[in-house]
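Q: Residue numbers (the numbering used here), protein chains in the order written: chain W, 1 to 554; chain C, 1 to 204.
Certain hints may be false.
If you only want the chain C side, here are some residues facing chain W, beta carbon under 10 Å, derived [stated by the list, open to error]:
#1 A45
#2 E122
#3 G123
#4 V154
#5 S155
#6 A158
Listing some non-contacts, in silico: residues in chain C with all C-beta distances to chain W over 10 Å [to be verified]:
#7 H10
#8 S66
#9 S94
#10 P143
#11 R156
#12 R179
#13 E186
#14 I196
Worth flagging that the hints you see were computed from the coordinates, not collected in a lab.
What you are looking at is a predicted structure, and each value in this text was computed from that prediction instead of being measured.
C-beta: ideal position from N, C-alpha, C; glycine also.
Chain by chain, the residues:
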Amino acid sequence: MSATLAAVLQILALVAALALSVPLLGRHLARVYTSPRHLRAESAAYRALKVDPEADQHWRAYAMSVLGFSLVGILFLFAFGRLQSLLPLDGGFDPLPSDGAWNTAVSFVTNTNWQWYSGEAATGHLIQMAGLAVQNFVSAAVGLSVAAAFARGLARTRNQGRIGNFWVDLVRTTLRVLLPVAFLIAIVLVAAGAVQNLHPVHEMTTLTGGSQALTGGPVASQEAIKELGTNGGGFYNVNSAHPFENPNPFTNLLEIWAILVLPFSMAWAFGLIVKDRRQGGAVLATMAVLLTVGVTLLTWAEMAGHGTAPQLAGAAMEGKETRFGEAATALFAAATTGTSTGAVNGMHESLTAPGGGVALFGMMLGEIAPGGVGSGLYGMLMLAVVTVFLCGLMVGRTPEYLGKKVSRHEMVLVAVYILTTPILVLVGAAIALTAPAGLAGLSTDGPHGLSEALYAVTSAANNNGSAFAGITSGTPFWNTLLGLLMLLGRFVPMVVVLALAGRFASANRLPDNAGTLPTHRPLFVGLLTGVALVVVGLTFVPALMLGPIVESLS
Amino acid sequence: MSDLFALLRHSLAGLRVLVAATLLCGLLYPLVVTGIAQAAFGWRADGSLVTETGERTNDPDEAVGSALIGQRNDDEGLFYPRPSAAGDGWDTLSTYGSNLGPEDPDLVKAIRERQREIAAREGVPVGQVPADAVTASASGIDPDISPAYAAIQVSRVARANGLSEDAVAALVAEHTDGRTFGFLGEPRVNVLELNIAVRAQRVE
Numbered sequence: 001m002s003a004t005l006a007a008v009l010q011i012l013a014l015v016a017a018l019a020l021s022v023p024l025l026g027r028h029l030a031r032v033y034t035s036p037r038h039l040r041a042e043s044a045a046y047r048a049l050k051v052d053p054e055a056d057q058h059w060r061a062y063a064m065s066v067l068g069f070s071l072v073g074i075l076f077l078f079a080f081g082r083l084q085s086l087l088p089l090d091g092g093f094d095p096l097p098s099d100g101a102w103n104t105a106v107s108f109v110t111n112t113n114w115q116w117y118s119g120e121a122a123t124g125h126l127i128q129m130a131g132l133a134v135q136n137f138v139s140a141a142v143g144l145s146v147a148a149a150f151a152r153g154l155a156r157t158r159n160q161g162r163i164g165n166f167w168v169d170l171v172r173t174t175l176r177v178l179l180p181v182a183f184l185i186a187i188v189l190v191a192a193g194a195v196q197n198l199h200p201v202h203e204m205t206t207l208t209g210g211s212q213a214l215t216g217g218p219v220a221s222q223e224a225i226k227e228l229g230t231n232g233g234g235f236y237n238v239n240s241a242h243p244f245e246n247p248n249p250f251t252n253l254l255e256i257w258a259i260l261v262l263p264f265s266m267a268w269a270f271g272l273i274v275k276d277r278r279q280g281g282a283v284l285a286t287m288a289v290l291l292t293v294g295v296t297l298l299t300w301a302e303m304a305g306h307g308t309a310p311q312l313a314g315a316a317m318e319g320k321e322t323r324f325g326e327a328a329t330a331l332f333a334a335a336t337t338g339t340s341t342g343a344v345n346g347m348h349e350s351l352t353a354p355g356g357g358v359a360l361f362g363m364m365l366g367e368i369a370p371g372g373v374g375s376g377l378y379g380m381l382m383l384a385v386v387t388v389f390l391c392g393l394m395v396g397r398t399p400e401y402l403g404k405k406v407s408r409h410e411m412v413l414v415a416v417y418i419l420t421t422p423i424l425v426l427v428g429a430a431i432a433l434t435a436p437a438g439l440a441g442l443s444t445d446g447p448h449g450l451s452e453a454l455y456a457v458t459s460a461a462n463n464n465g466s467a468f469a470g471i472t473s474g475t476p477f478w479n480t481l482l483g484l485l486m487l488l489g490r491f492v493p494m495v496v497v498l499a500l501a502g503r504f505a506s507a508n509r510l511p512d513n514a515g516t517l518p519t520h521r522p523l524f525v526g527l528l529t530g531v532a533l534v535v536v537g538l539t540f541v542p543a544l545m546l547g548p549i550v551e552s553l554s
Numbered sequence: 001m002s003d004l005f006a007l008l009r010h011s012l013a014g015l016r017v018l019v020a021a022t023l024l025c026g027l028l029y030p031l032v033v034t035g036i037a038q039a040a041f042g043w044r045a046d047g048s049l050v051t052e053t054g055e056r057t058n059d060p061d062e063a064v065g066s067a068l069i070g071q072r073n074d075d076e077g078l079f080y081p082r083p084s085a086a087g088d089g090w091d092t093l094s095t096y097g098s099n100l101g102p103e104d105p106d107l108v109k110a111i112r113e114r115q116r117e118i119a120a121r122e123g124v125p126v127g128q129v130p131a132d133a134v135t136a137s138a139s140g141i142d143p144d145i146s147p148a149y150a151a152i153q154v155s156r157v158a159r160a161n162g163l164s165e166d167a168v169a170a171l172v173a174e175h176t177d178g179r180t181f182g183f184l185g186e187p188r189v190n191v192l193e194l195n196i197a198v199r200a201q202r203v204e
């Protein structure tokens with residue numbers, strides 16, 4: 001079989017797996033976020049935790065809960081990192097330095113999972129399981145909850161800004177969605193070869209008499225939620241390129257599926273929550289179109305293997321594993337940067353120049369193809385509001401989305417949302433490229449060095465977590481800067497989304513009329529795709545010109 | 001002030017929920033998965049270790065490595081793995097790719113040198129040295145090489161071990177995996193398992 005045909009079949013197999021699972025999981029998610037009934041275990045948990053599951057929170061209270069929970073998460077993980085050497089199963093590692101502990105705490109709570117450290121050389125089994133992986137679950141649950149609250153806001157009418165109960169969303173997402181699905185994935189991963197044990201590091205004598213350390217750990221359990229929750233923080237330094245995390249092409253496809261399934265399912269659930277499946281379909285179609293473009297371009301770039309080194313070697317195999325090759329690495333790279341995952345099964349810094357550019361652009365789009373768990377949906381809905389607004393301007397009518405009037409107030413909020421990440425990325429890049437401490441972390445200069453810095457700040461501000469990993473980011477400067485970008489890039493947009501959800505929940509629903517722009521037709525999918533590419537994409541063209549584009553042309 | 005007070009109140013509720021989540025997702029979940037993994041797939045869960053004779057084992061003291069992890073080859077009569085950028089090479093405590101970009105002059109130089117070196121070692125023209133032989137893997141511990149890289153090493157390994165080229169080529173074929181299900185990933189040869197098989201047939 002030719003390599004191209006195999007690459008195409010690989011993509012089709014992924015599409016088939018998603019097509020089978022997304023409607024099922026989407027329906028399940030919609031029930032989770034709208035059902036008035038609690039499971040018995042959940043009721044018991046609410047009583048024990050002293051939270052009132054029946055309270056219908058105003059958006060401000062919902063946002064306070066999100067912020068309070070995340071604040072505690074950051075403090076807890078910071079302390080965990082600082083104190084790891086005092087706790088059991090520490091692997092004999094030192095405490096994380098304070099700038100590193102701050103960076104890691106923010107990184108995992110914001111669903112970014114940027115890693116300045118090397119897993120096998122800095123973190124013991126306990127902090128991996130009970131510190132980092134816990135945030136893999138709950139930071140994903142927070143993202144999904146906020147997206148669900150936004151969908152409910154759109155679905156409700158004259159509800160005084162009330163959008164649901166954060167604690168109920170959080171508990172249900174964890175118990176009914178993330179834990180069971182992650183458990184199944186983890187078992188399949190071990191069956192296919194991923195490791196799962198609590199052994200300490202053990203030196204082995206190799207076949208030719210050398211020595212090599214055996215680095216075990218609770219890997220499969222963490223790998224499962226890392227992909228499912230679009231987190232991306234690897235147990236090992238090389239993440240899903242490590243054979244213990246991702247042993248063969250089958251686990252590779254399973255992990256790519258796990259990355260994509262919840263963001264797509266959330267779009268499906270959205271249609272059900274607003275009681276118009278076609279609306280969810282339009283959002284899902286837009287995500288799928290953008291992802292298809294990304295996958296196609298990246299696969300082409302890596303298989304064509306342009307550039308001096310790939311041409312000389314005969315293929316773009318630098319930074320890729322033999323078992324995956326160009327096609328399966330490109331597919332993983334497109335999935336991980338189209339979502340907020342940031343796991344990698346190959347080194348992105350060694351991608352071909354156009355391939356690395358596509359990965360970078362996927363993040364710059366705001367990760368909406370199909371985006372992070374929850375954040376992909378609300379990011380796309382923000383762009384949908386921009387789209388109806390622009391179309392309204394063209395025909396001179398007050399725009400509306402799902403019968404909710406979009407006036408000045410709403411547009412101010414959307415504008416803040418749309419501008420936050422570009423400002424963070426461009427200002428962050430400017431600081432990093434002018435400060436000596438920023439430049440000191442770069443592994444190379446010229447266009448590729450610029451791409452490396454740009455990739456780091458883009459990854460942080462968009463909560464992705466992948467890197468052009470030649471960068472030395474474990475310094476106080478980079479840890480602090482990227483920590484701030486991750487924090488602001490997560491919570492400023494989130495609060496704006498909740499505020500907008502509150503406004504929509506308070507508003508009346510206007511009946512459709514002849515002048516209403518239908519938001520479920522292919523025309524709208526086309527408009528939305530165009531808006532995503534133009535409004536967001538163009539912001540970054542000058543920066544991309546100086547980095548990957550110059551490198552591609554050289 | 002009232003906002004700060006509200007945030008504190010929500011944070012306290014958050015702390016209770018976080019503690020519960022830590023117990024459930026951070027301890028119970030990984031420990032249950034570990035228990036099931038150890039009971040049902042013990043060999044894999046412990047790292048797919050193999051002994052000098054190719055037997056499966058769970059005891060790292062008996063093992064010569066993991067079938068999943070590439071290792072340094074110090075025996076000129078055996079198959080070589082791909083170049084490694086993990087620490088000083090194949091260091092599992094420092095897994096790493098080179099992270100050199102496609103236009104990086106150091107990478108271009110390294111590829112040229114490896115091509116010359118391997119061509120001389122195997123006695124083949126530079127044009128026959130495949131891409132995976134001259135590029136560092138992503139993990140630095142890639143267990144596999146391409147069938148093409150195995151093929152150019154057959155003649156040297158056969159000579160060094162007193163075996164016929166056909167016999168070594170047969171061993172390579174035996175340890176070659178095609179694409180999974182015919183279309184996933186790439187065809188590959190597991191170097192450690194192949195080298196164990198070569199040593200078993202070696203004529204001393």
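Q: For which of the previously enumerated hints does the structure constitute a violation, in increasing order of number?
A: Violated hints: 2, 3, 4, 5, 6, 7, 8, 9, 10, 12, 13 and 14; rest satisfied.
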